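Based on the sequences and whatever the hints tell you, model everything.
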Amino acid sequence: MDRFEYIDARLFEGENYLKRDKNVKIYDGEDKTQFTDGEVVLTTHRILWGKPGDIPKGLTCLALHLYYVFCLEEESGGVFGLGGPKRIILHLGPALPGKRPGPAVVSPFHFVKFSFKDGIDPAFYKALTEAVAAKAWERTSTAVSPVSAGSPSSSHKPIVPVNSKMRSGIVGIERSIEEQHRATDESITVAFKDLTKLMEKAKEMVAISKNISTKIREKQGDISEDDTIRFKSYLMSLGIDDPVTRDAFRSDSEYYMGLAQQISDMMVAVLMDCGGIMSLADVWCRVNRARGLELISPEDLLNACKLLQTIGAPMSLRKFPSGACVLQLNSNRDEEVAKTTSNLLEENGFLTPEKLSQIASVSVLLARERLFTTERLGFACRDESIEGLAFYPNRFLNA
Amino acid sequence: MAEISWPWQYNFPPFFTIQPHTETRTKQLEAWQGLITDYLKATKQSTIDVRESQNSPLFNNGTINRKLSQEAIVTVLEHMAKSGRASPLDKSKNVWEVYWHSLDEWGNMIYSWACDNGLNNSVCTLFELREGEDSADQEFHGLDMNILIKALKTLEMKGRCEVMDFEDNQGVKFI
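Line order of the protein sequences matches chains X and U. Quick note on numbering: the numbering used here labels position 278 of the first sequence as 278, and the sequence is numbered without any gaps. Quick note on numbering: the numbering used here labels position 22 of the second sequence as 22, and the sequence is numbered without any gaps.
No wet-lab data here; the hints were simulated from the structure. Treat each hint with caution, since some may be false.
[Stated by the list, open to error] DSBU-like cross-link-like pairs, simulated, lysine-lysine; straight-line CA separation at most 35 Å:
| no. | chain 1 | residue 1 | chain 2 | residue 2 |
| --- | --- | --- | --- | --- |
| 1 | X | Lys25 | X | Lys57 |
| 2 | X | Lys339 | X | Lys306 |
| 3 | X | Lys117 | X | Lys99 |
| 4 | X | Lys339 | U | Lys67 |
| 5 | X | Lys355 | U | Lys158 |
| 6 | X | Lys22 | X | Lys99 |
Keep in mind the model is a prediction, meaning the values are calculated, not measured.
Rendered as structure tokens:
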């Protein structure tokens, strides 16, 4: 009842008459009020109630803005349900500040009832429902207010509910939940939009990285040494975008072929860095690090490496007489190895495998093999003593 | 004991390891052969006992703390045997005779000395050859008796001399 206000029975600008009815009693919630046997006028903005004959004369009457109404229903009439529904229940939002004075200051109820002595006129009920749904006040309030600024009726300008969240009751809660859903939906959509963009960017990144790696491989002059090193470290962390997996191949041999091609592609640059030769154990680590998740077994690696020569890769698997397996660039001939190693021997006087491994930053196993290779080609001679194995420049032949 | 001038290899540690590389090993063994010959000549020795030789400075360089193992010594001596510079005296190859020159060379050397001194068709004792004043400046002066006999036997095979046995002495007649 506290949502009602006293006002002269006059229409606002933009407000239109819709429907009227007689013999209407108002209930504040479940309680009867003094407002009985009145006349009701429905407009696009309000429901007016007055004593019979008052409204046409423009006398003071009760008015309820429709924007308070967020829901209405019919109440079946009488205990026995005779005579059809007689009351309309209007569920109301909380009273807004700035409301004109009305018959009640506070009310424990959030709904009012209009009781129609002669039963509800379906046309009236329909018009009321439509008026509530149409929300004419939202349109007029913006369009009309400047026009009516100077007129005396400007103070009667309808107050627009600014915060729908303030509505309470089950429906209010439902509405706010609905709103939350919508907001969540929107933010999810936005988030996925970002993800799609990220995927697109990732594709670009892969393309760029491929470009860089081919450039590095061709050693074109337009990349400085620093850049090369930096790019290489990027590439290392980028990994392989399409790991060759067993599932994608029908037979093992096809799988090994694919794997061999991949190993050849990714190890070229790495081998160049490491002096053209790398033990198979190290290769295995590197390959699996680049693959990330789709790891391969040492056996698969060995089988794939055996095929390197058949697919014409620039590297091959090599087994030293000692049994050590390495991946070696084809350009990395024994003669070259022997020459560089013998130069190192001359510089250092003599070398143990351990010492060479430190100088040339290769594993001790490989250093040993390099020394043996050098010896086989007659560029070094060995010294076996209780101190261990050491190699000297071959003075016997080159004295 | 006479001092000899050690070759550079003697202070080169790999010298004391038999090299697996064929070419290198050949060079190394030749170097050993030269060193052993020089050393034995300087110390007037003609035999090597493999079991004791590791104590000799020849095979043991204390300065660089390297020594040639017994197997390696045998390898060296076997190599020398191929060119007739050494031969084992027992089946277990523990004691070796080492020739500064091959027996053939020794024989030729003695024969040309004999010719130069007009000893053809005359007989001289082996003692004269080894200790005589005439041969004092010769390389075979003081040569081990066994080796001397072996050298003369090779000469005899070629028909250049005749080894004769006296009661407790031996002589040779150059032809």
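Verification of the supplied hints:
| no. | hint | result |
| --- | --- | --- |
| 1 | X/Lys25 to X/Lys57 | 20 Å, holds |
| 2 | X/Lys339 to X/Lys306 | 27 Å, holds |
| 3 | X/Lys117 to X/Lys99 | 30 Å, holds |
| 4 | X/Lys339 to U/Lys67 | 30 Å, holds |
| 5 | X/Lys355 to U/Lys158 | 59 Å, violated |
| 6 | X/Lys22 to X/Lys99 | 27 Å, holds |
Violated hint: 5 only; the structure is consistent with all others.
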